[in-house]
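For the sequence shown, the residue numbers in numbering that gives the first Met the number 0 are 0 to 147.
Because the hints were derived from the structure by calculation, they are not lab data. Some hints could be false.
[What the hints assert, rightly or not] Straight-line alpha carbon distances no greater than 30 Å define the calculated DSSO-like cross-link-like pairs of lysine-lysine that follow:
#1 Lys82 with Lys115
#2 Lys82 with Lys54
#3 Lys54 with Lys77
#4 Lys54 with Lys115
#5 Lys128 with Lys77
#6 Lys128 with Lys115
In this text the structure is predicted, and so the values were computed from the model without any measurement.
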Amino acid sequence: MAKVFQSDKGIFEEWLQRNGIKHDFSSLEFRCVFHKQLSSLPETIRYLTNLESLKCSNNGLTSLPDSIGYLSLLQVLKCNNNKITSLPESIGDLTSLRHLNCHHNDITHLPESIMKLSSLQVLDCSNNKIMTINESLGNLFSLQELNC
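Given these sequences and hints, build the entire structure.
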């Protein structure tokens with residue numbers, strides 16, 4: 000584990016415990032699943048640098064923390080069925096992201112940085128409040144499925 004993660008592990012554990020989430024840090028390298036009525040994710044999520052899958056669907060999230068961009072190994076992000084109004088610009092830093100599922104939220108637009116997701120294969124942003132889609136999405140050559 001990274002030294003910086005070691006020092007802040009207690010902060011993250013405390014946040015999980017406070018929100019009634021049972022956890023096993025040995026599995027956080029691969030998957031982190033939240034199915035509680037969370038209104039936010041902590042900025043300290045940035046220390047889960049080995050995280051490959053984050054599933055925080057079916058909560059009361061109104062946003063994702065900017066620090067999510069530090070999760071460079073993240074391949075799957077499922078944040079559907081929340082109350083998210085926008086995705087952070089830092090989402091473009093998720094260079095390993097292959098699957099982004101953010102349907103059934105209140106998102107009004109996709110950030111420009113989404114065009115940097117060269118590994119993205121699936122983007123599902125259906126059932127949001129998005130009125131226009133940037134034509135540049137066609138430049139995401141790995142994209143195989145688009146639902147908006």
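Going through the numbered hints above, which ones does this structure break? Give me the numbers in ascending order.
none
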